[in-house]
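**Q** Same order as they appear, the protein sequences are chains A and B. Taking this note's numbering, the leading residue of the first sequence gets 1, the next gets one more, and so forth. Taking this note's numbering, the leading residue of the second sequence gets 1, the next gets one more, and so forth.
To be clear, the hints were calculated from the coordinates, so they are not data collected in a lab. Incorrect hints may have been included.
Unchecked claim - Simulated coverage check for chain B against chain A, where a stretch passes if three residues somewhere in it have a Cβ under 8 Å from a Cβ of chain A:
1) 53-60
2) 119-128
3) 164-173
4) 198-204
5) 301-312
6) 329-339
Stated by the list, open to error - In silico lysine-lysine, DSBU-like type, Cα no more than 35 Å apart, as pairs:
7) A:LYS175 x B:LYS161
8) B:LYS413 x A:LYS98
9) A:LYS353 x A:LYS403
10) B:LYS96 x B:LYS454
Unchecked claim - Pair by pair, the computed Cβ-Cβ distance ranges are:
11) B:GLY410 x A:PRO329: 57 to 63 Å
12) B:GLY410 x A:HIS40: 31 to 37 Å
13) B:GLY410 x A:PRO138: 20 to 26 Å
Only a predicted model underlies this, so the values are computations on that prediction, with no experimental measurement involved. Glycine residues also receive a C-beta, built at the ideal position from the N, C-alpha and C atoms.
Chain by chain, the residues:
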Amino acid sequence: MDAQKWGIERAVFIMLVAGVGFFALAFIGLGVTPWFNINHELKGHRKTEHVAQYTPLQLRGRQIYIANGCYYCHSQFVRPVADDPLRFGAVSKAWEYKHQYPNLLSTRRKGPDLTRESLDHPADWEYVHLYDPRMIVPWSIMPAYHWMFNGSPGKPNGQAKALVAYLGTLGKARKREMLAKGTLKKVFVPGIGTVLHYPYKGGRLTSPGYDHVAFFHKAPRIADTAAARGRGKHLYALDCASCHGSTGDGRGRAARYLSPRPVRLNAFRFRAGFVYKVLYYGRPGSAMPSWVHAPDGFLTPRDLWSVAYYVKTLHQNAALPPPKHPPLPRTAALVKLGGQQFATNCATCHGPKGEGNGVLARALTPAPVDLAMMTPSARWVYHTLNHGRAGTAMPAFSSLSRKVRWAIAYFVQTLAQKPANSQSAAVARKQSVQMARAAGHGTLTHSS
Amino acid sequence: MQTEKTEELAAGESLIEPKLIRAHIGAAIFWLIYLIVGGGLLVAIKFTWPNFLGNIPQFTWGRLRFVHTQTVAYGWFVDIFLAAIYYMVPRLTRVKLASPTLAWFNFYFYNTMVAIGVFQLMEGHNLGVVWMEYPSFINILMLISYGALGYNFFASYLRSKERNLYVSSWYMMSFVIWATLNWIMGGLVPAYVAPGIASAVVGGLFIHDLVGLVVTPLATAMIYYFLPVMLRRPIYSHSLSLMGFWSLAFFYPLVGIHHYYYSPIPMWAQYIAQGTSFMLFFTVYTVLYNVYKTMKGRWGDLADNIALRWLIGGTVFYLMVCTQGPLQALLIEQPLIHFTDWVIGHSHMALLGFGTFVAMGFVHYAWPRLTGNALNKTLSEWSFWLAFIGSSWMFIDLWVAGLMEGYYWGYGKPWMDSIVRLQPYWFSRTLSGIVVLTGFILVAINLIVTARVKQPATERPAALAGAR
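Model the full structure from these sequences, guided by the hints.
**A** The structure is reproduced here in structure tokens:
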């Protein structure tokens, strides 16, 4: 090639071929053609009916999400590789992004993926976390968005409201589609609430997902040793103390802004199996997420048992301030009265045996607690009967006399002692396997 | 190109507009330091102290990050590229700039736009397209700048009587076209025309075209121009340089989808992106083979020619980053490294290592010729080594951090593990950034001091000889 003779005609040639031609080739070949594919998918599928158009508030929230660069650290696509589906849920499909201008897929994950965010966290959690992420996740490096609030997480201004409204849309379309198609099923787990599962068919998962339940329920229960409690204490300080308080008094930094308030763990004697169950599923209708998938944690069965054993040790008798009037002494007659009153007042929701499976239980979010799996202190029951539990369906039973309230309190304490009166590992393990069966052998996905 | 022609090109002082070039270099260096101080460094500090400057919306992580990236691409790089174009084109075409007035207008206009862009991003006005975050009115106004550049640029070539079209001209011509087309594509399609995943397809093309069709061609044009004039010897092979050019022009526009591997983008497009990304080996190795063959027997020049050292340093980073690139664009690598700090290390090596070092080679070569004074030797040495050590430290730190992050995720560790365990690496990255920043501040001081010295004209040749 003799460069000497090449002149201006050559320049025009270069500009047309290399400059415009190859660029256009790439734009048409790899920019426009996949777009046809995607459009085809959008048009051919009735799935897109599940994608709701953004409301003006959600759209404004989306603008705030963009303006503050949320999309740089939080990706919005779940890949069919690595740990993505286990952590973040169903693999993303093109139609889910129908109304998005521009896409917010992102190329970076400094924080967790948010594709299915609305299924993991309710609004109250989002507000506290936005106001100061370190109130909930102590080692978070996310910026605090104080200026979206009027002084406290309980007082969001327009920006925070719009942003949380937008976060509430993430993952909704896919959930609707999967529920309609039956690749996702709602299952009521007593004492926990309505959770979502991928169902099995012929021994195989009916949709892309991972066999979480098999992993978690075949895993042997570890022994309740000092080492396990030590590990549990470490994890509790890391993940739980910010809401439940470092002593389990339910007064963590985030607690007062959550509704319902985090449970006062030190007022209960839990069965480890139940704590395990709550950690596994989360508590739908409250800020308590699942700790086995979800962005929040990715804990192993071993970790869950460790935390469960540690939570058991938090119990303190004097956890509550003493009531105004001295408690009535516990007598057999009082417990019997309590039993009658429980059947009248409590069993519709909590179930005749207090197992959280009353006739109304399925309709309530959060679902009534399973009193057969934990023994509250009498004072706590009395306190709850007096005040109800804000943010839940539990009302204040102020019409009941003081005697009846103490009677119920003493009765409730007996509920957990009934089944076999044994907390041996074998029984608890059997229960956890039954729990898995009841749930339909599906992979756990997000509680809703 | 024959040696005499090389000499001729190195001369040609009368054709250029020294003040215009100096202004662009000055603005570029200003943006370079601003993007580190006002963007990168603050962002890096926030990894360790998330509440640092936390109560001011304009100074939150998410906003400053875009100040950093947008100013890298459109402040520092475009300004320095304009300077290089104004320096190279009159010499290559042997005609003066068609309209210096327009070029001066463009200088003020463009930099005002970048400044407004920084302000807008900090105020939270953001288009939401990755690497195209300026709000749309700035994008539209910036088209005026591309038009002004295009007018001056092509007028030079059309009026030229030079029948010899050097390879740098090829790269620059394509740059002007690509930059404009890419600007229109990126600003228009993802945000307004293509919805959802289709916008990711075009957005991916845009991201990589910005690196491959804007930064790379101009940096390569600089290498091909300044390497021969620094060494006073012709480039090793013209055929190779043309092969490098055509393979870049063909393959680079096709690779962009590798930014969204395993997304809902149709898999066939991802496979094509994987193949074309791998073909970049060919592009890069032909260019670098040519460069290193030209260097043959002259490596000793690196000892005292600081401009050559920046330039060759840049090509070494180019070799590394583009060996990494095609390999990490394999789908098999992606589950591990995608989304991690590895990619940040990689992109820093492309823009800070390759692009910036090559541009610094141009600055250190041109500045003594524009001012008539030699650069301070000690400052030059310090600035080069600080930037070189600091940036290498940063790249390695980020790769290690990225691999750790990938393994933490892949082995199913809790999310926060990947945050807590990486803290030391992020702190170390901040320190490396401070070292790089110090290097560039020394460059700025060196340039300012050199420009201010008044020397009698008779001493100039001696001063210049020292700079070479």
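**Q** All hints are to be evaluated individually against the structure, with a verdict given for each.
**A** Hint check:
1. A count of 4 residues in the region 53-60 of chain B with a Cβ less than 8 Å from any Cβ of chain A is obtained; the coverage claim is therefore met, three being the minimum.
2. Counting residues of the region 119-128 of chain B whose beta carbon lies closer than 8 Å to any beta carbon of chain A gives 5, which reaches the threshold of three, so the coverage claim holds.
3. Only residues whose C-beta sits within less than 8 Å of a C-beta in chain A count toward coverage, and the region 164-173 of chain B has 7 of them, enough to reach three; the restraint holds.
4. Coverage of a stretch by a chain is defined here by at least three residues with a beta carbon nearer than 8 Å to that chain's beta carbons; for the region 198-204 of chain B and chain A the count is 6, and the condition holds.
5. Counting residues of the region 301-312 of chain B whose CB lies closer than 8 Å to any CB of chain A gives 0, so the stated coverage by that chain is violated, three being the minimum.
6. Coverage of the region 329-339 of chain B by chain A holds in this model, with 5 residues showing a Cβ closer than 8 Å to a Cβ of that chain against a need of three.
7. Between the alpha carbons of A:LYS175 and B:LYS161 the distance comes to roughly 67 Å, so the proposed pair goes past 35 Å and is violated.
8. For the suggested pair B:LYS413 and A:LYS98, the alpha carbons sit about 33 Å apart, so the restraint of at most 35 Å is met.
9. The suggested pairing of A:LYS353 with A:LYS403 holds, with an alpha-carbon distance near 21 Å, which does not exceed 35 Å.
10. Of the supplied pair hints, the one linking B:LYS96 and B:LYS454 holds, its CA atoms being roughly 27 Å apart against a limit of 35 Å.
11. For B:GLY410 paired with A:PRO329, a C-beta distance near 59 Å keeps the hint of 57 to 63 Å intact.
12. Taken as a hint, the range 31 to 37 Å holds for the pair B:GLY410 and A:HIS40, whose Cβ atoms sit roughly 34 Å apart.
13. Judged by the Cβ atoms, the range 20 to 26 Å given for B:GLY410 and A:PRO138 holds: they are separated by roughly 25 Å.
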